[in-house]
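Read top to bottom, the protein sequences are chains A and B.
Going by our numbering, the letters in the first sequence line up with residues 1 to 254, in that order.
Going by our numbering, the letters in the second sequence line up with residues 1001 to 1759, in that order.
If you are wondering where the hints come from, they were derived from the structure by calculation, not from laboratory data.
All of these numbers come straight from a predicted model, not from anything done at the bench.
A few of these clues could be false.
DEER-style ranges, computed between Cβ atoms [stated by the list, open to error]:
#, chain 1, residue 1, chain 2, residue 2, range
1, B, 1428, A, 186, 55 to 63 Å
2, A, 2, B, 1588, 22 to 30 Å
3, B, 1070, A, 68, 48 to 56 Å
4, B, 1474, A, 69, 30 to 38 Å
5, B, 1595, A, 244, 35 to 43 Å
6, B, 1406, A, 20, 52 to 60 Å
7, B, 1474, A, 2, 29 to 37 Å
8, B, 1566, A, 201, 21 to 29 Å
9, A, 231, B, 1474, 40 to 48 Å
10, B, 1588, A, 209, 34 to 42 Å
11, B, 1406, A, 244, 33 to 41 Å
For glycine and all other residues, C-beta sits at the position ideal for the given N, C-alpha and C.
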Amino acid sequence: MDAYIYLSATPEALIASMLSPEEFGAYLSMGTKKRNRGQAIFFEVDPQQISGLIDGDYIRKRCTAKPDGRPKSSVYLSVYRVLEAIPVSALRSLYLTTDNGYTLELRQAPYGADREQKERLHLYQELLPVTPLVASGLGPPAFLKKLTDGSIPIVLPKLFFVDLKMGELAANPLRGSAEHLPYSNIGHLRDCLEILKTEDQKQMKTVRRYFSGSLLYRTIGLGFFVGSGDNLVFYPYPNMKELESIHYDFFRSI
Amino acid sequence: MISLPGASPFEVLAIWCVLVIAFFGLAYAMLLRRQVMACDKGSAKMQEVWNGIRSGADAYLKRQLRTIIPLILVFTVVLFFSVYVVPPTAESRLRFEGYSDQSLKLIIGAGRAVAFIMGSVFSLMVGQFGMRMAVQANVRVASASGRSFTEALKIAYRAGTVTGMLTDGLGLLGGTLIFIIFGVASPDTLLGFGFGGTLLALFMRVGGGIYTKAADVGADLVGKVEAGLPEDDERNAAVVADLVGDNVGDCAGMAADIFESYEVTIVSTLILGVVLFTQTHELSWIIFPLLVRGIGVLSSIIGTYLVRGGRQGKNHNALKSINKGFYSSAAISVFSFGLISYFYLNDWRSFFSVVAGILLAIVLDEITKRFTDGRFRPVKDIARSSRTGSATLILKGLSYGFEVTVWQTLVIAITIFLSILIYHGQPVVYVLYGVAMTGIGMLTLTGNNVAMDAFGPIADNANGIGELSHLDKDARKIMDSLDATGNTTKAITKGVAIGSAVIAAVALFGSFITDVSKVQIQMGIEQSAQLIETGIRISVPVVFIGLLIGGTIPFLFSSLTINAVTRAASQIVEEVRRQFRIPGIIERKVKPDYQRAVDICTVSAQRELVPLALISVLSPIIIGSLLGVEALGGFLAGVILSGQLLAVFMADAGGAWDNAKKTIEDGLYGGKGSEAHHAAVVGDTVGDPLKDTAGPALNPMIKVINLVSLLAAPVIMTFRKPGHLSAGLVITGVICLVLVIGAIAYSKRSSETKPVREI
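Isolated chain B (complex conformation):
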């Protein structure tokens, strides 16, 4: 089936091996799932609490599916017919030589549509299966904590690994399958695959982010601040929504987010690899990234299986064990990459790019830790500033948030510069390929990263179940310890997710330039006028306008998501207050109606999906249609720059405020109930939607805009000749603009808080 001109037997074998590894990763996920599912589910009381979480999670997932499926269908049709507007590339004609023009269009159109569905479904599966696994695991972890720390840690981490290996296995499977079928024509269809995954990730991230923070902020504002109830108190009507939200945001949202980065990096690498292949006729540009991914899956399997707890049941033992698994995977990966580079490539440049990616992940992680971990100065300073009130605490957090953004961005810039050094003297496409390989390197250990991330909500939920079912002191100590470990691992993976999103976006940006140039060649535009030669010239006024508008999009997106959280949280506050007024709830004689809060969060989260998706999908079409493709390039640069800056700022400032509050709750400045604590709670409440809703949603948004640009650019160029405006494009642009304005108005209109119905 593989149709690769000039492929050696080793290369053909390597591709098949990668496919087998993808299935192996999925089989490993199934094995772990079976192990977790075989564990005891605990007492009837624990299962009662758990059933509440499970039904809330199910309701959210079902409703999300209902919202998303029509959009998937619409985009599938659009992608299928896109090939009738822009003819297939020269590589596609080469791959399907002998087919008629109509047949070729049908094959590529169908391939793109099916790849889009595959990307969407895989992303959905990672999010939905991952979340269901987390929900299944949390009650088992709670139950195991009554027996031993080691068992509880093992179940929580292995359940997280199920999501990790799904991400790995499905990401690798999709890319490899497309490559096996389409060979050098794969860039035509890979875009559909990437777009599907990214669009779904956007839905999961936005929906999950709004849900989780609406529930969390609402539950905390009334339960903790107004009524003085502890975390996870059964009398708080929003407690189950809060527990469901941990899964929706940190598990489903994060897994889908990392999955799309994983997908997009392989998509952009293969697109650039094919360009290099056509220039050099060396298949290693395409085979090596797939082999790197395959090795990553194997090393993640080994590393994650090594994670076992110590006997002491201490927090540092859990972290030590998880880190041991992570570094074992990293060492195995680097060693194997070296072997392949030596025996197969006979060229160390790609190896250095991949290792630079792994180093980038470690450095970003270290910077994130320095600015958000309670052991270091910034968080201590923020906590100290709580003594003079919430205003100074917020200002301090803003200050450190701005600072960390500088360092993180500089590190990413240095990494891109490393690619320039590695491919010194080569054309720009080599450098872009190097950047894409850096992204591949960063996400080598995706299995471990997602496992670490999903571990967080599992431990958090287990602790909630323990609290609500009144488990004994020793069991709750174990769960507190695992919960604290989960908070740390979640923060670490957030840094990696943002960093990889930026690298993936830069690689996609590279793909945009090479793809546009390819179409320009097909159109017969002379070489000196092609984008790969001219670059994106921001001195051209329309390009600068594109840059400016691109810079505003992340702000608009963040504004709408934060607004959505505020609106939903206000509704939750009203609902919890209303339920507190019901006689018997405070005295624990009447059970609150948890489902109401779950419903409010579910509805609020879904309401924003369509407007935000429209803004992401239509804004590049507006710019491209009205200002041209080079301006679209400027627009992309603006989106990437301001999106990256905002995402890092929001994630790290929010994380720092959160940990400043935790530091105070651990006893600093009087602990809970002190004035310092009140100030820190305000800071954390402000930071919550930044770090868990708006910031993370920017990762997939940047890439949705990139991929739409990649898909739309050839269409725009076909209709928009240089120096001429096309009436059709102007009309398209204006219609899209009207739709975007309508989406913004819809999003803002629904910000009126509806009164809660009294019982």
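For reference, chain A alone in the conformation it holds in the complex:
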């Protein structure tokens, strides 16, 4: 099969395409005749590992070049509860595309506990299957486990989320400087963090119920996480210096 299989997070969908990840990102963010506009976040999926979940014949039939030779951009295969159906092991690289079409590839890397600083709070933007912005005292692995292992009433089959920068608020919610944080309603964020800091039982606090659909790529902290229970896959996010020196086009457009 010549087609790539992508799992889009914005919105959740499994898509077959003849476009390479960079082309597909540009297509999702702005390259349609409908003049879509907006950033795109998607995984490349190993087709072999999900062969039982998708109809190969349908893809072969639909995902073919157009009469004028142009490649087929997208064939939607599924649009609901997709992440939970895809094995984590089938996920390859994660791609982030800016709203003007520049794509950054993030590769998987082992997550070491040394990445976390003790006594610091976290801010997680959940991306799939639900999308609240959540503050938490838990590190990414613990946070994932908490929400997916069934130990609390709210349980998700899998979770894809991103760790966001919090600067001084991570250690000092009330007095820490929020000078360079772009989040709206900082006062509310401080309140949420303070509750986590002062109430021992409280491990998570919803800051905002909905995701606006646009992630500020400059605010990404450690990176992206996906999985369930103890099965965590980590996509580290380069720091700004690395982005500038290695991924210059992407850096310029964020």
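Since chain A is already given, all that's left is putting chain B on it; use the hints.
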């Protein structure tokens, strides 16, 4: 040929040397041009993009020429015949002793008309050649950035220097030539030279300002804000117009603006110098300013040639190198002025006035930087206020814009006070001469200043070409760095341009008082009633009325220019939206029709030229005719004061909003796409026409009004005896008033946005 009574051999030699230096400056410009033109123009793709910019620039320049030439012809005729209304001055009779009255009128009339044409053509040449050079250079800079940072910087700066040296060389050439031919009679003709340069600068500034911001605002509003495309994206139909606009506004407009300040300061200095010469019989009042200008050209040549990039390719290296060239020129100039003052003048007063001008330029630059540079508190505060939305961001920018205006005006006031101290105990004409010499000092390094300014659009365009032709990452990093340096140098030169415009206007104001007094002497008005003795008395009701009306003119002018930008930008927005709807453009399969946007900007920019020129030229005639010459003096004071305040306010508030947006785009408060960024984009969009259209257009407007007043005052005095109204003048004033009202109505009538034709 030189006819200067009492000139020493050194002084005659000095004048000829200044003339040679003027040609030397022009030769240096030609040498640099040849060096730039010999550089590689890059790949076919780069040249394709560049050809779009070049043809857009050509179309604009040609159309502008067609609009301007009839007006030049009309004013040439008016200036020629003006001498038949007001007879030549006593100095002219002295210079052309032995000629009959008719011959003298013919000589002075022709001299004034030819000087006007020369001033216009020189100003046009500076703008047009400068802009063409910038367009030729940008593709070469883009190509060189693929090889080395040093080469790219050198080409960009040297191409900018071509414009700088044209400004220097032609400004010096015109003034010196007129002085060589007319000697002490030169004030009669210098006014024509100054008026020509200033009127053309007004056209270039207004046209350039409207063009550049219509394209920029239009391109950004649809491309960046609506469609989320990056800067200089090939799918944006206004991208080429935007690139052309950078040249039209920042290169042609700015160069012509500084050229006219350069011209006007020498015109006013020579007028005042001749007055002092007739009183003291010392030629140094006239020779010294010309020598200062000559030294300035030489030091600019040395300083600009020293500009070379470091090996690292970093922004600060480019700035460091440019600053090194600037300060080298400044040091050479001050040292040489000192030598001349010591060996020739034996008097340090003029030296101190010139040095005060150089210091004024540095202090104004520093204040501008403090309020508009992202490293300092005001811009940081404005950026921070974006977190609470665009309203607070705009309010913060307004607040700092008002504040910086206070400091800049105080510094200019202190500089004028320095002239009073330097010439303490002397009559007022010495103080006015000191102010004029301060202007000469400020513009000593015009070559460097214009080079720094023209460097901006060249680097900006090179970056655009790099983006559109998909150059590799390293080349674009170099161009980004040069572009950032260009933004800084452009901001610096804007401060100098405004400051020098005010000083030049004050010097012209001085010339107005001395010229009016001269005519009053010819008319036999007793000394105690002459303007030089009475001053402009704002306690006299008609003078106060003149002051009030003068204060409103910059507001009217700004209103019309901003309106023109809004109208043209709306048309661009509609056009870009229309083209986005064409299948294939967003997918990069169909090329947009860039020429349409270029045409819209070109037509919109030219449409406003005539009404705005009429307002500038006719408003002093209305006041002078209906209220008298002293009221005209009050009118001038009002124009200078409110024009200066508005110009500084608009330039600096706009610059601060622009840099607040850039600070956020560099990563502050979430960077691009954040709510803070959206607020900052609104602030920048509001500030754009202020800082690049309305504000800069006020510089030449103030001086056009000054020069028209200088030319009209003798005519008005001839026909308007004190205490009596002349029917002819009243009719003239009413006709001019009707024309001005018509010009305003025309400008406002065309504000209805015409629907864009669908394909």
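Right, here's what the structure says about each hint:
1. 1428(B) x 186(A): 55 to 63 Å: holds (60 Å)
2. 2(A) x 1588(B): 22 to 30 Å: This hint holds: roughly 23 Å between Cβ atoms.
3. 1070(B) x 68(A): 48 to 56 Å: holds (53 Å)
4. 1474(B) x 69(A): 30 to 38 Å: For residue 69(A) against residue 1474(B), whose Cβ atoms are near 34 Å apart, the range 30 to 38 Å holds.
5. 1595(B) x 244(A): 35 to 43 Å: For residue 244(A) against residue 1595(B), whose Cβ atoms are near 36 Å apart, the range 35 to 43 Å holds.
6. 1406(B) x 20(A): 52 to 60 Å: holds (58 Å)
7. 1474(B) x 2(A): 29 to 37 Å: Because 34 Å falls inside the window, the suggested range holds.
8. 1566(B) x 201(A): 21 to 29 Å: Cβ of residue 1566(B) to Cβ of residue 201(A): about 58 Å, so the range 21 to 29 Å is violated.
9. 231(A) x 1474(B): 40 to 48 Å: 41 Å Cβ-Cβ, so the 40 to 48 Å window holds.
10. 1588(B) x 209(A): 34 to 42 Å: With a Cβ separation near 38 Å, residue 1588(B) and residue 209(A) satisfy 34 to 42 Å, so the hint holds.
11. 1406(B) x 244(A): 33 to 41 Å: At roughly 39 Å between Cβ atoms, residue 244(A) and residue 1406(B) fall inside 33 to 41 Å, so the hint holds.
In terms of the numbered hints stated before, the structure departs from hint 8 and from no other.
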